[in-house]
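**Q** Listed below, chain by chain, are the residues.
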Amino acid sequence: MELFTQIIQQLINGLSLGGIYALIALGYTMVYGIVKLINFAHGDILMVGAYLSYFVLTTFGFTPWSLAAAFLLAVVGSVVLGVSIEATCYRPLRNAPRINALITAIGVSIVLENLPRVFPFIGSDYRNLSVPSFFENITFGEVTIIPIKLITLVVTLVLMGLLILIVDYSKSGKAMRAVSYDMGASALMGISVNRTVSFTFALGSALAGAGGVLYILNFPQLDTYMGIMPGLKAFVAAVLGGIGSIPGAMVGGLILGLAETFTTGFISSDLTGAVVFGILILILMFKPSGILGVHRKEKV
Amino acid sequence: MRILRNFALLAVLGGGLFAVLLVLISTGILDDYSLQILCTAGLNIMVALSLNLISGFTGQLALGHAGFLAVGAYSTGILLLAHVPLPLAILGGALITALLGFLIGFPALRLRGDYLAIVTLGVGEIIRVLIINLGDLTGGASGLRNIPGYAHNIMVNNPAAFLWIFPAVFLVVALVANLIQSSQGRALISIREDEVASQAMGVNIFGMKLMSFTVSAFIAGLAGALYAPFIGYLAPGGFDFLRSVFFVIIVVLGGMGSLTGTILAGVGLTFLQEALRTNAKDWSQAVASLFGNSPGGTIDFVPMSQVLFGAILVVLMIFRPEGLLGSKELRLTKLFSRGAK
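Line by line, the protein sequences give chains A and B. Be aware that the first sequence starts at 1, since it is given in our numbering, and climbs by one per residue. Be aware that the second sequence starts at 1, since it is given in our numbering, and climbs by one per residue.
Note that these hints are calculated values from the structure, not bench results. All C-beta atoms in this analysis are idealised placements derived from N, C-alpha and C, irrespective of residue type, glycine included. The reader is advised that the hints may include incorrect statements.
Simulated restraints, written as ranges between beta carbons of each label pair [claimed, not checked]: (1) B:L95 / A:G278: 21 to 27 Å; (2) A:F60 / B:D31: 52 to 58 Å; (3) B:R331 / A:Q221: 49 to 55 Å; (4) A:G278 / B:L308: 31 to 37 Å; (5) B:L95 / A:K287: 31 to 37 Å; (6) A:K287 / B:Q199: 42 to 48 Å; (7) A:G265 / B:Q181: 54 to 60 Å.
Facing chain A, a subset of chain B residues (Cβ under 10 Å, in silico) [claimed, not checked]: (8) G113; (9) N133; (10) I312.
Computed footprint of chain B on chain A, listed as stretches where at least three residues anywhere in the stretch have a Cβ under 8 Å from a Cβ of chain B [unchecked claim]: (11) 8 to 18; (12) 81 to 94; (13) 98 to 104; (14) 260 to 273; (15) 282 to 288.
Put together the whole structure using the sequences plus the hints.
**A** See the structure below:
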């Protein structure tokens, strides 16, 4: 019985963490699908979203309105940041070799991680957010559910549903799919490639910003490097699910969240990083296109 | 013949530079601190050269060279603590890293471009996590302490380290320069230019990449091996992703595919990093005294060097992706034949 409750417990924690990874992974996968760029700075956008919401929450306290405001500010701030990074740093390199764009993304990421440390109002110290427990813990027999985990899972599912609606049914979503299929041809069909790429970055950054808020509500400690590990893990999730595939990112995120909480629960929390990258290396060795990805042959 | 002349010139110039530096050290003009930076620059150059071999010449971006550096350093450190003689310990550290590079390269080099970059990044992280978790062997998070130095007397460790590191840098330069001018080197460059075409010409792509990756790991491991007795204390925090990126910055700034570019950028960036590190506190205080202490504290210049390095990468890629020298070399022979005209 002891083992069973522990498994159920880790399952819930894992799904909730996996939901956050899935949100971030969606940004990676959409951007990769459209411009073939691993956006290294994506994890740092999560960090910016987290800080924006942190400032709102510490100034106004935890009320439903301040939570909504924090969420909104994090999303809007992340969108502005993501779109301006794309326009200034990635757009000039769209036709350059992919390695160059990747190196640029690493540079952007380093700047984003370190520039806030220069300024005194953020600085290089850890900051803690004291999150009040909004509701009583829910208990089923021996299983205890922390409400914030449940809220996180619900919010991520709603956001993913919204994303699917946008990508599948809106005009911009249709443009996104067209550009990711063939950039040149869609430009000839009168689709504005620049606007579509900006829209993709906006969507991805919005999800990362939202992920940032959820992340600090679950793990209430901030510093400017906090985006690196969730960013890398979410990237692994995107590759696991099949990079470029939106349902793949969701599945990959959930699997990775489960893998991480089960490693923490049953082996050691120190080894999660090694397990995550081990999964990445295995998947790339045996099925590089991921679980739901499509294998595209290279034309010579 | 040209290679021979190049090599002879390199040896003469290197020997000359070595002799001048030795005189400067023995007369005390070059103090201990400058010597330490010079040794650090030498080690950075070695790792950057090894990265340039796999990324600049073979075209396979690797983001985990801090991991190789760590494996070389820890292996040598552990061997030295087990009372293995210094030359054997250094060779052992480099060979262990080369073996690891071979084992990692075997599966990883099947991947192309950005996937390989991510896998090498992942390997670097795994190495760091393992070092932290293998506490009995590596000292864990608190680090490996009291590694025997080059000299028994700690006061002369830096000059002794210099006697090892400087010739090692020259050997590595000669090794890489000869490798890329050989037929294998041309094969590597052809892989960078066009993998499919090069395969069609009969180049064993996988074998060549694996060779390049293993040699690269060997050199990075050698740098780590020389680092351990030089610094005497190893902590896993020093071998993180940012360290790997620092080597990428050296290679990109100097020019992917240029050995002399890497050497110039390696020296320049090591000194720049050191200058920023030592002066950051003073600048922060200067700003604080200029504007008065604001309640939130003052502007912190310490992270500014990282900001600067990140910005260098972005600006270079947008405006001058080939770096300072591109794939050109500052050739010694050319320099001299021009002088003779």
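**Q** Against this structure, judge whether each hint is valid.
**A** Against the structure, the hints come out as follows:
no.	hint	verdict
1	B:L95 / A:G278: 21 to 27 Å	holds, 25 Å
2	A:F60 / B:D31: 52 to 58 Å	holds, 56 Å
3	B:R331 / A:Q221: 49 to 55 Å	holds, 54 Å
4	A:G278 / B:L308: 31 to 37 Å	holds, 35 Å
5	B:L95 / A:K287: 31 to 37 Å	holds, 34 Å
6	A:K287 / B:Q199: 42 to 48 Å	violated, 23 Å
7	A:G265 / B:Q181: 54 to 60 Å	holds, 55 Å
8	G113	holds, 6 Å
9	N133	holds, 5 Å
10	I312	holds, 7 Å
11	8 to 18	violated (count 0)
12	81 to 94	holds (count 3)
13	98 to 104	holds (count 7)
14	260 to 273	holds (count 4)
15	282 to 288	holds (count 3)
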